[in-house]
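Read top to bottom, the protein sequences are chains A and B. Mapping the first sequence onto the working numbering, position 160 (from 1) lands on 160, and the numbers just tick up by one. Mapping the second sequence onto the working numbering, position 166 (from 1) lands on 166, and the numbers just tick up by one.
These aren't lab readings, by the way, just hints derived from the structure by calculation. Among the clues, some could well be false.
Claimed, not checked - Simulated pairs of lysine to aspartate or glutamate, DMTMM-like, Cα-Cα distance not exceeding 20 angstroms:
1. B:Lys209 x A:Glu18
2. B:Lys46 x B:Asp7
3. A:Lys48 x A:Glu106
4. A:Lys85 x B:Asp181
5. B:Lys209 x A:Glu121
6. A:Lys48 x A:Glu121
Below, each chain spelled out in residue letters.
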Amino acid sequence: MKSFIDAYSWINLRYLLEGLWITVEVSVASVILSFILGSFLGIIRYTKIKYVSAIVGFIIDLIRNLPLLLIIFFTYFGLPNFGFKPEIIPATILAMTIFESTMLAEIIRSGIQAVPNGQMEGARANGLTYWQAMFQIILPQAYKKMIPALVSQFISLIKDTSLATIIVLPDLTYHAQIIYGQNANYIIPMFLALAVMYFIVCYGLSVLANYIDRRLA
Amino acid sequence: MITILSDHWQELLTGLGWTLLSSVLALIFSLIIGSLFAIMEVTESKVARTIARIYIEIFRNIPLLVITSFFYLVIPMYVVKVNGFTAGTIGLTIYTSAFIAETVRSGIQSVDPGQMEGARANGLTFWQAMSNVILPQAFRLVIPPLGNQFVNLVKNSSVLAFVAGFDLMYQANNIASITFDTINSYMVVGVLYLIITMPISYYMRYLEKRLA
Chain A
1 MKSFIDAYSW INLRYLLEGL WITVEVSVAS VILSFILGSF LGIIRYTKIK YVSAIVGFII
61 DLIRNLPLLL IIFFTYFGLP NFGFKPEIIP ATILAMTIFE STMLAEIIRS GIQAVPNGQM
121 EGARANGLTY WQAMFQIILP QAYKKMIPAL VSQFISLIKD TSLATIIVLP DLTYHAQIIY
181 GQNANYIIPM FLALAVMYFI VCYGLSVLAN YIDRRLA
Chain B
1 MITILSDHWQ ELLTGLGWTL LSSVLALIFS LIIGSLFAIM EVTESKVART IARIYIEIFR
61 NIPLLVITSF FYLVIPMYVV KVNGFTAGTI GLTIYTSAFI AETVRSGIQS VDPGQMEGAR
121 ANGLTFWQAM SNVILPQAFR LVIPPLGNQF VNLVKNSSVL AFVAGFDLMY QANNIASITF
181 DTINSYMVVG VLYLIITMPI SYYMRYLEKR LA
């Protein structure tokens, strides 16, 4: 019992919270970037531009079907061979963005597909160009329907940032490892803290998403 | 890529074997556990529903790596000595079972409630009706999402590399550190992963289209 109290000393807690902050920072940056890139890829895949859409679709499928861990490794250890050596945090954000944007592209494509055809036809008949109709009529409706799927993808993104501990990203998981690495009695308390912190962030996000979804519906 | 493949094909093949074994084992066990929690979620008992809800929400919202390293570090301290492969597979099973429970539950709920009422009216008990009438229909509906879960499992099994689970990812790191040829080592392993995951995910997409 004493180890539990010692494990949660202010120094350790502050160290964990610093790690949590890195996790949140990396997640937010990756969510924003992969949302933009994913929307772009999803629209290309939906629009059926000759050859381009097929090639983009195939590349999306390739990346989606690889383990994220492999992509993280490749970005951090592989890219320097091409003369581009990102720091740990940018490398993680880059790897997460590459992987998650392909996951989001699929969600966004099927979201666009779920908007009735009449919306596009009506918008075009009213004189909007294809892209005006896409950005002003189709996408806003599509995003609204996609909120639950998007948020569960964001939640898995937050959880997946823990994989970057392997390239020594100083995130929540890594900081916990440092703490229990110094004292084996802290292993269980640290795992409990990890579970609680990740749970609060991820579950909180899904509760928020449900609330927004209900307000918009 | 060719030299890596010809020099290290034995390690790669063992890695592929362990990856597949751990994914298949985790799929079987998480199907069993996930279905049990899914059934608990649709029973009348409030206690059972709450327990299932708590289990699912907890393990859906904690990273797989945290669950896996918990089993790798804590089980040997108090229970029994396990190797990385076992700990990794247990972690994978528990993590995936929470997702499968959600999938199966949505399958059960999309079966017409009249089926259950009809089965009960014909004298079947709840469990008989569930296993003979509802689940067979539910599973047919959830085959595509379950197939996608298997693809996720194969990809997620790469966390075994963290706990020395001898899987493909672990071998990739070894080969990369022996040959110093990181790009080609990871490319070879990437191709091996794709050989497993791509056909399954394309087939599931085809099934999804046919079912829709």
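Okay, the hints, checked on the actual structure:
1. B:Lys209 x A:Glu18: 46 angstroms, violated
2. B:Lys46 x B:Asp7: 59 angstroms, violated
3. A:Lys48 x A:Glu106: Cα-Cα ~14 angstroms, so holds.
4. A:Lys85 x B:Asp181: Answer holds: Lys85 of chain A to Asp181 of chain B is near 16 angstroms, not above 20 angstroms.
5. B:Lys209 x A:Glu121: With Cα atoms ~24 angstroms apart, Lys209 of chain B and Glu121 of chain A exceed 20 angstroms; violated.
6. A:Lys48 x A:Glu121: 17 angstroms, holds
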